[in-house]
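2 protein chains.
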Amino acid sequence: MNFCSQCGEKVRFAVPEGDDRSRYLCDACGTIHYQNPRIVAGTLPISGSKVLLCKRAIAPRKGYWTLPAGYMENAETTQQAAMRETWEEAFAEVDLGELYTLIDLPHINQVYMIFLADLLGGFSAGPESLEVALFEEHEIPWDALAFPTIERTLQHYYADRKSVADRKSVADRKSVADRKNAADHTAGVARQRADYPLHSSTIMPEDRERYFGSA
Amino acid sequence: MNFCSQCGEKVRFAVPEGDDRSRYLCDACGTIHYQNPRIVAGTLPISGSKVLLCKRAIAPRKGYWTLPAGYMENAETTQQAAMRETWEEAFAEVDLGELYTLIDLPHINQVYMIFLADLLGGFSAGPESLEVALFEEHEIPWDALAFPTIERTLQHYYADRKSVADRKSVADRKSVADRKNAADHTAGVARQRADYPLHSSTIMPEDRERYFGSA
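Line order of the protein sequences matches chains A and B. Position in the first sequence (from 1) plus 285 gives the number in my numbering. Position in the second sequence (from 1) plus 285 gives the number in my numbering.
By construction, these hints were calculated from the structure, which means they are not laboratory data. Please note: incorrect hints may appear among the correct ones.
Claimed, not checked - Calculated pairs, BS3-like style, for lysine-lysine (alpha carbon to alpha carbon, straight line, at most 30 Å):
| # | chain 1 | residue 1 | chain 2 | residue 2 |
| --- | --- | --- | --- | --- |
| 1 | B | Lys453 | B | Lys340 |
| 2 | B | Lys335 | B | Lys459 |
| 3 | B | Lys459 | A | Lys295 |
| 4 | A | Lys447 | A | Lys340 |
| 5 | A | Lys459 | B | Lys453 |
| 6 | A | Lys453 | B | Lys459 |
| 7 | B | Lys453 | A | Lys453 |
| 8 | B | Lys335 | B | Lys447 |
| 9 | A | Lys459 | A | Lys447 |
| 10 | A | Lys459 | B | Lys347 |
| 11 | B | Lys340 | B | Lys447 |
| 12 | B | Lys335 | B | Lys347 |
| 13 | A | Lys447 | A | Lys335 |
| 14 | A | Lys347 | A | Lys335 |
In isolation and in its complexed conformation, chain A is listed as follows (with noise of 0.2 Å):
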């Protein structure tokens, strides 16, 4: 930031009174220039067994895969951006369930949101993808993922998943009842808090480092 953007003016970077960090600051209009973090919002849409992932037809990143997410716009909520990038990357439509990570990025002044989501119906690659595809967890490209984010909220969702699988596991050899509620988790996963909670974790200059030769 360079210049004033209410009257023009340049501007200068430095601690307003009162304040206890430095901003952008216009001396000719008063006004003080503050910048926050920005929510990426996305979605991890699941299909029985499967899960989507998009190939990045855009820097950075390009060629690389990432679930469907980018950044929450002005006038949204969170959800509807999740939803709109899930449409936008990969043509999807998906019945959303809750956040399912929470991922700070301090050191970019980024927060991804990833909602757990079953896919309704087909896909295909948006205008900043190269292909859409279903993946099984053994087909998982994970040293072709585009970012830490990605990797860590799957990470999550197969370790949530074989957790429910090995509840479902004991209580076969239970009661009727257990298995009639073993069984509700083979639907679809997008509500179950329960199964797959929340999981909040800070992503640092060194996790980036692995993706992008330097954070």
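Assemble chain B onto chain A, guided by the hints.
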């Protein structure tokens, strides 16, 4: 926005090529000025049966009661933002728990994120507060709360707490093991996802009109 913050020339508001919504565009240097929602992070500080509220010393809603919360800054995490705001507004340290309410306010481009927190030690009014105090449920100044986000967060908290108490009451009439389990619920609440789950919702202009006269 009237001028380009990069080069100082006048901007225009129009849909960029390949985009689907209007942005501030600089024809001189080609910069597209994206604008995105801001996160308001804060806490619901709990001390035994009481919660901490702050009486606002600044506009908007000066003199009304709020939970400690404010805009998340660049280079911090949502948790750090929530703890910083709790310190700045109430000089209160907290043991931060899980995200408790996620509230979208699309018409003012804000996303509220309030975390459950156990209050540690003392507190006093920070520069943006006239007064800070602990309230029992029956003492909450419902008609003098600053924002609908605060009202909603407190409503969720008391509903969840009643639900925990009701289960405890049932358990008291059952086995010793159940009693032990129920007794655990009376300890610090901040990390108990099962009893105090994430509540996601949206606040619309009409909800804010009750507070602001107009949204």
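Requested in this report: Would you pick out the hints that fail for this structure and give their numbers low to high?
Outcome: 1, 3, 10
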